[in-house]
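What follows is each chain in one-letter form.
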Amino acid sequence: MSASAEPQAAPRHSLPEGGPAHGPAAFLALLLGVLGSSMSRYIARRVGWGIFLLFVVSALTFLIFYVFPSADPAALRAGRQANPQLIAQIRHALGLDDPLYEQYWIYLKGIFLHFNLGYSYQNNVSVTSQILTRLPVTISLTVGAFVVWIAIGIPLGILSAIRRHSTVDRSTMGLALLAISAPVYWLGLIVLLLFADDIGKVHLLPGAGSYVPITHDPTQWFLSLLMPWFVLAASFAAIYARMVRGNLIEVMGEDYIRTARAKGLSERRVILRHGVRAAITPVVTLAGLDLGILLGGAVLTETVFNIPGIGRYAYDSIVNSDLPAIQGTVLFGAFFIIVMNIVVDVLYAFLDPRVRY
Amino acid sequence: MKTFRPRDGRVGVGMGAAALLSLAVLAAGCGSSSSSTAEGTSTPSNISTAPPPTPVSCETKGGTLKILSAGDVDHIDPGEAYYSFSYEITRPTQRALLAPKGNSTELEPDLAASMPTVSKDGKTVTVTLKPGVRFSPPVNREVTSADVKYAIERGFATSVANGYAGAYFSVIEGAPKTPPQYPVPISGIETPGPHTIVFHLVRPEAVFVSALSLPLTAPVPEDYAKPFDDQAVSSYGLHQVASGPYMIKNNASGSINGVGYKPGQLIELVRNPNWNASTDRRLACADDVRFQEGYQDPTVMAKTILSGAADANGDTPPPPAELKSILSSSTQSKQLFFTPTGGSRYVALNTSKAPFDNLDVRKAVAYVLDRNAMRLTRGGPVDGAIATHFIDPSFGNQGFDQSGGTSFDPFPSPGFAGDVTKAKELMKAAGYANGMYTGPQVTMVADNTPPGSDTAKVIAADLAKIGIDAKIISVTHSTMYTKYCNVPKNEPNVCPNVGWLPDFHEPQTIIDPTFNGKNILPSNNSNWPLLNDPTLNAAMDRAEKTLDPQTRYEQWGKLDDQVAETAAAVPWLWENFPTLFSSRVVPALMVDNEGAPDVSYMSVK
Amino acid sequence: MALLEIEDLRVRFQTRDGVVRAVEGVSLSLDRGRTLGIVGESGSGKSVTALTVMGLSRLPNATVEGRVLFDGLDLLALPLEELALYRGKRIGMIFQDPMSSLHPLYKVGWQIVEAIRAHEDVSKSAARRRARDALAEVGIPNPSERLDSYPHELSGGMRQRVMIAMALVLDPDVLIADEPTTALDVTVQVQILDLVRRLQAERGAAVLLITHDLGVVAETADEVAVMYAGRVVELGRMETILGAPEHPYTWGLIESLPRLGDARGARLHPIAGQPPSLIHVPSGCPFHPRCPHAFAVCPEVEPPLLPSGPGHVVACHLAPAARRRIGLALRSAATGGSVG
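Chains as they are written, first to last, in our numbering: chain A, 1 to 357; chain B, 1 to 605; chain C, 1 to 340.
Rather than coming from a laboratory, the hints here were simulated on the basis of the structure. Honestly, I wouldn't trust all of these hints.
[To be verified] Simulated coverage check for chain C against chain A, where a stretch passes if three residues somewhere in it have a Cβ under 8 angstroms from a Cβ of chain A:
| no. | segment |
| --- | --- |
| 1 | 83 to 95 |
| 2 | 113 to 125 |
[Claimed, not checked] With the Cβ distance kept under 7 angstroms, some of the chain A side facing chain C (calculated, not the full set):
| no. | residue |
| --- | --- |
| 3 | Y256 |
| 4 | R261 |
| 5 | G264 |
| 6 | L265 |
| 7 | P353 |
| 8 | R354 |
Note that the structure is a prediction, hence the values are computed from the model and not measured. Yeah, the Cβ is synthetic: ideal placement off N, Cα and C, and Gly gets one too.
Here chain A stands alone, though its shape is the one from the complex:
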């Protein structure tokens, strides 16, 4: 994050909902102002930088694959007692015998000219199409979990902060510690063994491998994702609750909170409009980045619930030394992280007037 605040400004920001004069017209005005301003130059610069980073990431993936010991895809494909000529031929057919820079160049051309990430060594299926068919799955999982953890984590964090040392606070923070330390894999298994309609103690919700696209059957889609959403969201909700609590406790000790009270505002308004708004900006940043990382694939959750998302594809491709698939998933992951970085930076300027680019 390279959002630079003015020196005197504490890195504390806020949500748009609390903003003054944040009507649509004002927002539009702000946006128009932004477009002609240093912000647009800033965004252009960040996008340029992001594209450069994608180059670096793809080049690094190439290098790592070749430099570090990994399985030889041509030898894998050639099979038992293949003579060296066959392996050489396969290497040639896959383009693996070209110089590294040439392979990389061909790869880049494919991406830029045809948005083609290549074909899987293993099943000859287009990596682009695989990722695109799996993308809605990962988005369903990630965005749903995101909603869950925000909806749970933030209110609990606020409640714990304002009822500090109360039973609510103590039990929330205790549970949070548990949720943070529980591995997703283990938690997923427990939840499945408790609630899955096939292997659960209580036959409540569809279990592993029950995912269907939303276009196919929205109800089944929703039900099959309920457990994964909560399992994926658990540790995030815990982290966010703790973060919101910590930030809010700190903010509630600030002078401007005293001012707000001295103005005769209701305690509710003091907490929500003044306290939470200031406490939540770092959370927004973190949320953006977390979302970006997860959009690149939530490997463990996708694995334990057998959800055919990008994370599982990435994992499978690494296991299979399937370079085009590895490249594609790594690039996609990097893409999301970079995009969310830019989004978060831009959001900052809207959330915190002190931030200037």
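Here the structure of chain A is known, so what remains is to put chains B and C in place on it, guided by the hints.
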């Protein structure tokens, strides 16, 4: 050999024509290896390796079978498939010339009308095809001998790159010496009539007839497939047509991609409308078969099958804890079957360089290894019997009995726990005064995930008992093969995590590629000990040409013992594969294929 | 009865280290149009006293005793929701650090509008007009534009003017100013004090001015209360406290003032020792460990606040005659000096 299916949700043995041996590395540490160690100490009494009887009729017709797997097939193209799990799909969809007879390792005609006839000199093999076998849509026409010819020819092309064509079919006259980019005709395969195919061999080859059971001999229509095969990497697999009772669900243009095949997610079989039951022994009871992939947690997989929501495990066995609980239940244990894989795991010692170029040092290693402790790293007795030579019990009188069965053990020790005293004596005989090795450190390239990494640690600790300090290099399973153990110039002193599966039940496929000096290759080598003993080589070459089965089994049985006595490789496990069926189906499995569920014979109760 | 009566106020905070006795029996009164200055070092309890009037020291770990009568009504007995009706509306407050006291993420206009609309049912635009007028009244140039400024876009003096505008926009009866000029440079201090004085004169509000700076008191206050260790130790008219103080602590405060003619940064004469811990308050007269005139009884008995002249009360064991003598000596030593 084809690739072992992963065990304990982890890595398979073998050299991995199939890249996918190790789909579920993730499950590592998920309880199986640690808990298994404790369970392995007591032998469950009710482990039987008797297969369920072959069903002769359907309990019911119709319904859907669901097979669960952690990973995908190695290749969807039947001409590329070389992996036990892949055969679960090729067997019901593709008709090779021969097929195993029900639940046995014996072969019988499948696409062939009768068993092949072999000329006296062993160099001409003639096969007659059944009439009335038809391709699935969109090809629809009748299968002819030209389709079998093309299927084999395409296996040699780089664009298809079949993993075993070179090993079993290069004996055909005119088979390409250097692989062509795209399929080319082979002069030694003649099709005098639409239902007759003749193979002319350059020399007698004992196992050629058995190799006709491999899926490479399943027909591929050239007119339809050629455009796909003429791509750098053939995409026929994504447009394949079937000859068996089932086909992978496709669309009108014949593509299965995204229809019946979603890589890593689903392979769906539906009935081949052109299948003629009167030409086939297969029952094909269910209407629909779904191979549901991505079940990377073996516990979830096992419990899902027990719950009846799915019907069998496709590529991953239930974890030891589940096995134990299933075995302790009188009802559930009836749904569980252990099948010898036909293969063995062993520790390969590099005989081309010191110190293991010395026979006595190798023998000392064979004595000092605690094979019981090694087996415990994989789950103990449920995982199989401790191996004392290479041909496993599933071969029965096809070589196992001939090599002395379970009574042949060249390096015995009480409880297979190792004999340090004997080992030290041998080290002294090798010239090490105190019975302790004094040379430089030896290298060992091992799996970086359990259970392979655990096995390697046990081996290193045992070697230390005779003073051998082993440096362990940890890499992924497929890297271990393709970059180290398969490449003689990179080969370490010890390859602790290797193993070999037969392609079919001929002992030659266990001993020859792995210990014959002529099979040492600069890459994709499978003679890991680099054993090159002229006497043994000559005996193996003789046995390869022995057409009479009984004589041949005698020869290989004896060779098995002789190889074991060289201690170039120390066998330690004849592995079983547990297959779990749901209580709602009549079980059926492929005895010759690691006990994989056989959907052609399973039916819903 | 005065507009604001503080009666025997006691505020204690339970902390991990012990009970902090921040305010111990303070009684003060303030009438319309008057300015009461409370002076003392930090930790003397002056700010807590002011905050308690507004109920701003109502924390889970605080106990408050005594009464704060505003127009005869005990504010301490009011539930928070009712107290909120007084805050901002009847009693305005400005704070020490105008940067941290304004919300950094809201425009100043919005913050003033919020204060208005918290108490009066007026339209946004009407409230905005009043906010603009309030800014103009406190001398902010271009008030219409400033409404849309964020606090960080304003200078320190401007921010404090905004705070004052916000505190006075609803015409409160009492203005509590807690160190209103401490964070500002000297020229701005004078402007702000002038502003407070002018507004008070125009509106007739009562002002409770908390400061550690006797100079500020001299500029503004009618009466002065000197606080030490949570207690009022001397109280009287501004002229009396600055001209004829009788408490050794007040003497010390005056001594420590910079005098005219001193070079900038010249050595001052601070009171020896440290302010006492409010957890372990010294026995007897809490000032005795630092008092150059302390004698045997001082550590034993806490001196009561006793009248010493018209409207002048002092808590000291020294005999009144002795106090006046020493005070006189001090004054002559300071000849040519001036406070403020």
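A quick look at each hint next to the structure:
1. 83 to 95: holds (count 9)
2. 113 to 125: Since three or more residues must qualify, the claim that chain A covers the segment 113 to 125 of chain C holds, with 5 doing so at under 8 angstroms.
3. Y256: For Y256 of chain A, the interface hint holds, since the closest Cβ of chain C sits about 4 angstroms away, which is under 7 angstroms.
4. R261: Check passed: Cβ of R261 of chain A comes within 6 angstroms of chain C, closer than 7 angstroms.
5. G264: Result: holds, 4 angstroms to nearest chain C Cβ.
6. L265: holds (5 angstroms)
7. P353: Given a least distance of 5 angstroms, the restraint on P353 of chain A holds.
8. R354: holds (5 angstroms)
In terms of the numbered hints stated before, the structure departs from none.
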